[in-house]
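A.B. asks: Sequence:
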Amino acid sequence: MKKLLFVCCLFFALATYMVEAGVTNCGSIANKPPKPAKKVTKEDVKVENDYDKVIAPKEGEGVHYLTVVSGDSPKPNKCGLLASNDPAKWAGWGGPLDCDNCSIGEGKGTRNEIVIGGTYFPRGIGTHGMANYTYDLTGAAYAKFEGYVGMSDEKDPTGCNHGGTSTFTFKVDGKEAFKSDTIPGSKDGKNVAPVKVEFDIPTGAKKLEIEIGDGGDGVGCDHSALGDAKLLTAQATTDVEADQKLPTSWADIKSSY
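Using my numbering, you'd call the opening residue of the sequence shown number 2 and step up by one each time.
None of these hints come from the bench; they were simulated from the model. Fair warning: this is a prediction, and the values are worked out from it, not measured in the lab. Incorrect hints may have been included.
Derived Cβ-Cβ restraints for the label pairs, each shown as a range [as the list claims (entries may be wrong)]:
1) Lys191 - Asp218: 17 to 23 Å
2) Gly219 - Lys90: 17 to 23 Å
3) Pro34 - Ala235: 33 to 39 Å
4) Asp174 - Lys43: 40 to 46 Å
5) Lys180 - Ala235: 24 to 30 Å
6) Thr234 - Lys33: 32 to 38 Å
7) Lys207 - Lys39: 37 to 43 Å
8) Lys208 - Glu62: 32 to 38 Å
Result set (DSS-like, lysine-lysine): computed pairs, CA atoms no more than 25 Å apart in a straight line [to be verified]:
9) Lys172 - Lys47
10) Lys180 - Lys207
11) Lys59 - Lys172
12) Lys172 - Lys90
13) Lys145 - Lys79
14) Lys208 - Lys172
15) Lys47 - Lys59
16) Lys191 - Lys180
17) Lys39 - Lys59
18) Lys39 - Lys145
19) Lys172 - Lys207
20) Lys188 - Lys54
21) Lys59 - Lys207
22) Lys207 - Lys90
23) Lys79 - Lys191
24) Lys90 - Lys180
25) Lys59 - Lys188
A virtual CB, placed ideally from N, CA and C, is assigned to each residue, including glycine.
Could you build the full structure based on these sequences and the hints that come with them?
C.D. replies: As structure tokens, then:
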């Protein structure tokens, strides 16, 4: 029994190491976050990077995350699909982007984890508007895009008025698939929740473009973020756990304030 217990513990430790190593190999944050994400019972608009919700990454065949580090293109690898356009366009200020799944921080070497509106995202891309990403869709038979957009909680009202503003536009082969209104970090004294984005990818599509724009008040505080941004093939499950569902449109967001 003791031998069996030892083997089980060894297997668990090895599995844990492999998961952690895999995440590290995919470009996880290297520095100690200056504004660490903190799980709380109820998030507070005045507290930077606190969260009371988590969007867990999807796993399984046909799930491919969008990346800016460690992925590959046009055929995605285990880390995801790498953006194929000029890296100088990925970050606006504060680049180059040197890690996946982290916010823009306050310049090189100061990355934080991604929190949008009190929700923590283990997978995502943080940037400083204005920014553009292009993804080559020819490497797999993608059927759908799913993700969230919003403003990083590392810029909250206490230090940055309403936490910045940005717009998010998604295009497939030049045709608009989704366009947000101007999204602020907070409104009426509350954090603005991340906005769900989902749309179908037409058969034979060749290019996905994501444009992050200035909300109209300058880009100084525009720490924008994509949360859980991924492409799904027809084989991939698209079910979302009920406790993870968030408003799916800007109208839903506005009506809640």
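A.B. asks: Does each hint fit the structure? Answer for all of them.
C.D. replies: Evaluation of the provided hints:
1. Lys191 - Asp218: 17 to 23 Å: At 19 Å between Cβs, range holds.
2. Gly219 - Lys90: 17 to 23 Å: 19 Å, holds
3. Pro34 - Ala235: 33 to 39 Å: 37 Å, holds
4. Asp174 - Lys43: 40 to 46 Å: 43 Å, holds
5. Lys180 - Ala235: 24 to 30 Å: 25 Å, holds
6. Thr234 - Lys33: 32 to 38 Å: 37 Å, holds
7. Lys207 - Lys39: 37 to 43 Å: Holds - the Cβ-Cβ distance for lysine 207 and lysine 39, about 42 Å, lies within 37 to 43 Å.
8. Lys208 - Glu62: 32 to 38 Å: Distance hint for lysine 208, glutamate 62 is violated at roughly 24 Å.
9. Lys172 - Lys47: With a Cα-Cα distance of about 34 Å, the restraint between lysine 172 and lysine 47 is violated, given a limit of 25 Å.
10. Lys180 - Lys207: Holds, at about 19 Å.
11. Lys59 - Lys172: Given that 25 Å is the threshold and the Cα spacing comes to 23 Å, the pair holds.
12. Lys172 - Lys90: Satisfied, since the Cα-Cα distance of roughly 16 Å is no more than 25 Å.
13. Lys145 - Lys79: Judged against 25 Å, a Cα distance of about 18 Å means the pair holds.
14. Lys208 - Lys172: Measuring from Cα to Cα gives roughly 8 Å; hence the hint holds.
15. Lys47 - Lys59: 30 Å, violated
16. Lys191 - Lys180: 23 Å, holds
17. Lys39 - Lys59: Between lysine 39 and lysine 59 the Cα gap is close to 22 Å, so the pair holds against 25 Å.
18. Lys39 - Lys145: 32 Å, violated
19. Lys172 - Lys207: Measuring from Cα to Cα gives roughly 11 Å; hence the hint holds.
20. Lys188 - Lys54: 19 Å, holds
21. Lys59 - Lys207: Status holds; Cα separation ~24 Å.
22. Lys207 - Lys90: At roughly 20 Å apart (the allowed maximum being 25 Å), lysine 90 and lysine 207 satisfy the hint.
23. Lys79 - Lys191: Not satisfied, since the Cα-Cα distance of roughly 37 Å exceeds 25 Å.
24. Lys90 - Lys180: 19 Å, holds
25. Lys59 - Lys188: 30 Å, violated
Violated hints, in rising order: 8, 9, 15, 18, 23, 25; the structure is consistent with all others.
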